[in-house]
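When we follow numbering that gives the first Met the number 0, the leftmost residue of the sequence shown carries the number 0, and every step to the right adds one.
Keep in mind that the hints were calculated from the coordinates and are not lab data. Careful, some of the hints might be misleading.
[As the list claims (entries may be wrong)] In silico lysine-lysine, BS3-like type, Cα no more than 27 Å apart, as pairs: (1) K171 x K125; (2) K38 x K74; (3) K171 x K74; (4) K76 x K171.
All values reported here derive from a predicted model rather than from experimental measurement.
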Amino acid sequence: MNIYQMDKNFILFRCLHNGPISPSNIGSLPGEQFDRNNKFFTRLIDAYGSCAMLVWDDDYVVAHARFYPQIIYDKFKFCCHDPNYAITREIAEIELPPLTSPAERTLRITCFFIYMDFRGQGLSHKLIDAIIKWAQDNSWRSIRCYAYQENHWLSSEMCKPMLSTYRKHGFKKIENGTLPEVKDFLQQMKNGELGAEKSKHLKNSVATGTYQNLWIFMKWN
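Just need the whole structure built from these sequences, with the hints factored in.
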């Protein structure tokens with residue numbers, strides 16, 4: 000397996016929840032969503048060099064980690080997979096800042112997903128190493144991200160690594176918090192909309208009081 004930064008030769012405009020993706024099976028998206036996603040990622044690559052790391056196993060992407068300038072993500076909360084946080088036309092056409100000030104050069108790791116058949120092989124650590132090296136090589140000053148304390152099932156569902164994974168790479172805690180989309184996801188589970196197995200996970204997490212442990216980390220001060 001190899002890790003490469005995403006470039007315009009292959010734009011991963013959708014996520015891996017349904018399995019590994021290759022150029023031959025990536026398909027499309029409904030309506031204008033494909034055009035918006037593809038346009039937005041293309042513009043980010045043109046402006047900043049990349050916005051994701053992809054893990055390739057032969058011709059298939061089996062894991063990925065997406066990252067964006069913090070100031071863009073602060074303005075728009077978006078996801079190329081979740082229709083509730085879709086990349087809109089406004090996001091796709093946003094004026095991308097040049098990031099000339101050192102204070103602006105902060106990356107935000109957002110979506111971090113390894114397909115289930117490839118977990119337990121150290122890919123999370125390799126992806127984080129690749130992002131850190133890319134950030135250093137491209138004059139980024141810091142990296143921020145979200146992580147869960149001990150909930151492997153929730154971190155996998157929400158595409159966020161655990162606290163221990165980031166700590167091994169020197170990330171430091173900034174503050175506690177809870178993402179709105181996590182609350183939405185947990186409410187859907189509580190309502191039974193996502194199946195009995197996920198409801199069972201939620202019940203067990205509530206019993207142990209751990210499901211809200213969402214922390215923010217930063218690599219460099």
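Hints and how they fare:
1. K171 x K125: Between K171 and K125 the Cα gap is close to 19 Å, so the pair holds against 27 Å.
2. K38 x K74: holds, 18 Å
3. K171 x K74: holds, 24 Å
4. K76 x K171: holds, 23 Å
Checked against the numbered hints given earlier, the structure satisfies every one of them.
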